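Q: Listed below, chain by chain, are the residues.
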Amino acid sequence: MTTSTALPPAPPGPRPKKQVPHNVKTSRRAAWIFAPSLLVSFLFVYVFIGITVYISLSNWKIGTSPNLTLRQPFGGTYAEIVQEQRFQADIRNVVIFTIIFLVLAILGGLIAALFIHHVSVGKGLFRTVFLLPYALSFIVTGVAWRWIFAPSTGVNEILRSMGIENPPGWTTDTTILGALNHPSGTDFLKVQFGIPVALLPIIFAAAWQLVGFAMAMYLAGLASIPEEHLEAANVDGANVWQRLRYIVLPQLWPSTITCFVLLLHVALKIFDLVVAMSGSGPGFVTDVPGIYIYNYLTSRYDKASAMAIILLLLTLVVIVPYLVRGYRKERKA
Amino acid sequence: MRAPNKLRISLVATAAASLIAVTGCSANAPAGSSTGGGSDKLEITSWWTSGSEADALNVLIDGVKKSSPGLSVDNAAVSGGGGANARQALAARLQAGSPPDAWQVHPAGQLKSYVDGGQVADLTDLWTEGNWASQMPKDVAEAQQVDGKYYTVPIGVHRGNVLWTNPSVLAKANVRIDAAAGVDGLISSLKQVQASGTTPVCLGDKDIFASAQLLESLIMSRAGADNWTKLFTDEYSFNAPEVKQALEDYKAILALANKDHSAITWDEAAKKMADGDCAVNLMGDWAYGELLNAGKKPGQDFAWVSFPGKEDIFDYVGDGFSIPANNIPHAEAARTWLKTLMDPKIQTEFAAKKGSIPAVTSADISGLSAYQQEAAKSLASGAVVSSLAHAQAAGAEFAQTYADAVSTFNGSSNIDAFIASMTQAQKTQL
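From first to last, the protein sequence lines are chains A and B. Heads up: take any position in the first sequence, counting from 1, add 200, and you land on the working numbering. Heads up: take any position in the second sequence, counting from 1, add 3, and you land on the working numbering.
Calculated directly from the structure, the hints in this document are not laboratory data. Note that the coordinates shown come from a computational prediction; the quantities given were computed from them, not determined experimentally. We put the CB at the ideal spot given by N, CA and C, even for glycine. Some hints here could point you the wrong way.
Only part of the chain A face toward chain B is listed, based on derived beta-carbon distances under 7 Å [what the hints assert, rightly or not]:
hint, residue
1, Gln285
2, Gln288
3, Pro351
4, Thr353
5, Thr371
6, Thr374
7, Arg443
8, Arg445
9, Ser480
10, Pro482
11, Phe484
In isolation and in its complexed conformation, chain B is listed as follows (with noise of 0.2 Å):
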């Protein structure tokens, strides 16, 4: 009997340890957020944890101790989802009353659901006060708006719609992808990298939102810009016949992409395009930093399209920050970090870190990546549209909708059905 009686022995002390570990680790959090006292405290939420949001994250918060020092700030980022662990948090201290002094927010729809709860305080003397709005692109500036008044701050403009290609596949496929050829020309291309031996897609959808990209991304290029915008308004149907063909394309594109999509993610999805797995992989740029930090060396391992379409469509995924209207900590700090945020030189630094381009135009964009200084170009030149897959486009409930949609669309390739959904939502939820 000594041998279990040993085994049960170390079996607790290892038990022990790892509790000790545990707990060790816990407690390291909450002193960090304990030091310094008084009003010289700021704190922040997002949902920047991975490596380049991180570093990208160290910026705004070095920036705003430069100008006001002595300011202790409290980094309460929550990892995973996509964001929705983060706003599930977020959403819990609202409810309580004990906000954080600044969060990160999406633009517009989300942003309105905010507006809407009376949470987000109205920002409008802060973007008069410093001319904000002449700064930016007039579609940015926009987005911030919620009937006419400004809730948050821009920090940086991301896109949706890129067409992300591995250049040695599509070499020995003899394949090249052009925007200017449409839809029809890229599913064409595709079915020729088929015929090569090589997966045509990569996707990753094991969160929804990368499939939800993709459809929005088709239906953009589609209808067009004008009509994406009215799909929220309802003054354009989800049963157009536009759409209708974007969800053909949807389910052939599905039918040339990785059989196990549903099981990885999307950053899993990118690095296998990159390996050369398969030719191309659509997601937004904040995959152009996943890929860097995984030591894949842009224009060599891998390249970039807009997404193909008839007119240079900018699917517009924002970051920016808001603060909160009541209960607010510390009120003037808050400011100040809203304030460092619209800095151009701030901007810039983010942008290199984050892999996104400044939503500033006086923004000093010259040290940027190729990617960026392109992407740039399109926001200043293209037609800037907001995602729906990122509760851009629209609130929340008709965002969840829609992925909701995608994912039964997912199992069952069933047009009308998907049509049905939508057109009711497009009628009770706006």
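Excised from the complex, chain A in its bound form (with noise of 0.2 Å):
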């Protein structure tokens, strides 16, 4: 990047072609230059997570007391906590938490980019207020927000004397909105499949905290298209709403495909902020892998490993698809 002073400034949208050419004498000294950081991540990446995949197999149990034998049957670990009502709960609810998240935390992050786009006092100001949030800590905000959504002060307080009797129990509520199966709690499915009701405090108190950084990521993404195309669509006769949905939209894309691979990791390892909010739940209503690895920790150190990585494998159902998109679309250029 140290050359590109020396080329002519890149244009705006199809992607520059090639600006250093390439020889043996550039990548060999790229090979060096990378290298210390290949090492360190290869090392404290997939090194550890060929580690945690061992320990998941083997016999490890109490933390601080290796016992690095393979488990017999090979696997047994992930036969054991697959059927746990523990271990089901926390995938459902990962998994309504990431969606309902994502959706709430991107619609609201692009709500607030266009609002302060086409707003023309108070830019910095709305910004700035929008974005405060997200310098906050989980736990800081989570502490908060546990007193909001306390079913016997809170909001609760503003409900009742609005003349509701019987408002929400929010965190504490067992029910499952839309469930898809009653189990009897000996079969193997042992959780109910359908929304916790309690998990939707915390999901859109996380939301809350993360549309700053949609709407920032937005923002960009709006500063880049070319006024151009706008005043084009206006001169054809386009209105607000078409041109949002045939020119705005389709280029802010990329930035949703940003926002969407960046606010999932933060959906999937979640664990402080349920923790200050609710923790574990009755029922494990709100319950999160993290949760589930943080407890076993000591006692069980195989499961908490088995754990990470079915996390892992989930971060990657969704990850895999991206990135092999991204390379195909390189080498297309």
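Two chains, two frames, a set of hints: combine them into the complex.
A: Structure, rendered in structure tokens:
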């Protein structure tokens, strides 16, 4: 990138051609420059993932006393945890959490960005207001949200003063919306699949906190849309909705994808916000894999590791198609 | 555009100021630890960080400083999660081979996981040298052992199954709670309180141990002390009719408790009880110190009764310290620390602050509170059993399975599912 100053400014829109001429000398230099970071990431990411996989297949139970013999039958820990009510609840919760959270945060961010982009007064103020929550830690906001959604105080006080006698129990509600099954407790499926009502306040709090992040991504995207495109659409008689639908949104697609991927990992690894707001909840209605791992770290290292690997696989299911798509595009270009 | 600029500048200034404040605070912590040098140091970890706990810990620190002048003590306490956070931090240090000189531990089950890992030092020589076993109740001494060897030193004894009551709420409902009336008597009293228009039970199980402790108290009362202990050697089954009955009782009591119990913590529930929001609250006697700190008067704002049952069972939750087997940084100071803990005077002073009772029977309890004197009597005469909710009756894995089963039960009220997972655990995890 140091040579970019010597080159003419890159044209907007289509991907620029290779900027640095490739030869043996530069590629060897690049290898040397990258070697330390590659080594570090190889060691601290891939080797450690490998170790975690191994531990999840071993008999290592108590965190402080390693036992590296392989468990018989092979993969027994995975067979054990998939039968657990807690595990099944965690998978349900993290999937529901991720879907609703992504929709709320991305839509909220888009609306906030469009609003700020078009408003003429107090742009900086609004931007700061929306971005500020993102600067706080989940523990801090979680404690505040816990009191807001406390059934006996908080927002329920307002509801009661408005004459609502039985306000919602928020995170204490064990109802599952749109339940797909009715488990007896001894079958393989031990949880009701559906949307746990108790998760909704937590999802809302998480979305509130990350709307600012999505907004920032979209603001950058909006700034890169060439004014001429909108002017041309105007001349052709497109109304506001048509301009949004056919000009703005398609050009914001890269921002949406980036938001999606970056927010996805926030959702999958959510831990601190849930711990602060509700803990595991009755019947694990608000439990997530992060809390599971934390609880079992000292008593069942193999189980905690297996859950970590399952969490990794969940991430890969979404990220790998995205990466493959990215590589294909790059090759085409 | 001036206004936003100003705003930005002020924001940056605020951020910078808070950053300085934060780094300033964290810079203070290690500063204390780096003073003093050489061998005159002792680092201890615990999860005693709340007001009364920290005061009690300071009694011990002052005591060890008195017996070896010039010693600098590094208090590396970690707060939160009923000790879970501190144990995580300790596990990381043990794995890295840089343990503290001594750490807080619950005896029996929790101790066993450190013994299995070969991380705690055998203290049998200290015990025989001081003839400590003869100075405490047999059950308490036994809990400090694993396979006949001593690995920890008890500083105090907590009771897990105390029913804290609000005298004025009970008087209003015209109800008396009598420990001898058993669980049936308790439940009918609670129903009477409900009829008077007050929530009978305060429960705060955001951290699940509070529920786990309520259920274990019910199982103890229904099954008796002997059977309770046999649950952890698989000589008595979780499928027994008494355990089923206890689960029915638990279900009934949950229905009589505040609806928001999963959203509040144990200390909030105890204070709600003392405020008159409900009649009773089951909690260990660490609630006593918490209520005193909240300005509540014993006997007036709150009273207590042993958890109702057919016999007087003392649900033992122990506080003690162990020292590492390997890589101990200051071995001599650590042994001095342990000897200090066994000083009867120190035990009395510690108990006064912490709300627990001394483990050593020769400690003078005449200056302690009415509650503590009563508990000390129960400890001497009652049946002493270990708590499962605090990972003392069994190892960490079994205790975690129990906690998970209670969480599941709180959502589903499914007795069969609870029994199935616990009997399975009895077969595979003991």
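Q: Now tell me if each hint is right for this structure.
A: How the hints compare with the structure:
At a threshold of 7 Å, the smallest CB-CB gap from Gln285(A) to chain B is about 5 Å, leaving the interface hint in force. Because the smallest distance between the Cβ of Gln288(A) and any Cβ of chain B comes to about 11 Å, over 7 Å, the interface hint for this residue is violated. This hint holds: Pro351(A) has a C-beta 4 Å from the nearest C-beta of chain B, less than the 7 Å allowed. Below 7 Å, beta-carbon pairs count as interface contacts, and Thr353(A) has none with chain B, the closest being about 9 Å; its hint is therefore violated.
Interface restraint check: Thr371(A) against chain B, minimum CB-CB distance 6 Å, threshold 7 Å, status holds. Evaluation of the Thr374(A) hint against chain B yields a held restraint, the C-beta minimum of about 5 Å falling below 7 Å. Using the Cβ-Cβ criterion of 7 Å, the hint placing Arg443(A) at the interface with chain B is not satisfied: the shortest such distance is roughly 27 Å. Because the closest C-beta pair between Arg445(A) and chain B is about 31 Å apart, greater than 7 Å, the hint is violated.
Contact between Ser480(A) and chain B, as hinted, is supported at the beta carbon level, the nearest pair being about 6 Å apart and thus within 7 Å. Checking Pro482(A) against chain B by beta carbon gives a least distance of about 4 Å; that is within 7 Å, so the hint holds. The closest approach between the C-beta of Phe484(A) and any C-beta of chain B is roughly 6 Å, which is under the 7 Å cut-off, so the hint is satisfied.
Consistency note: the structure conflicts with the earlier hints numbered 2, 4, 7, 8.
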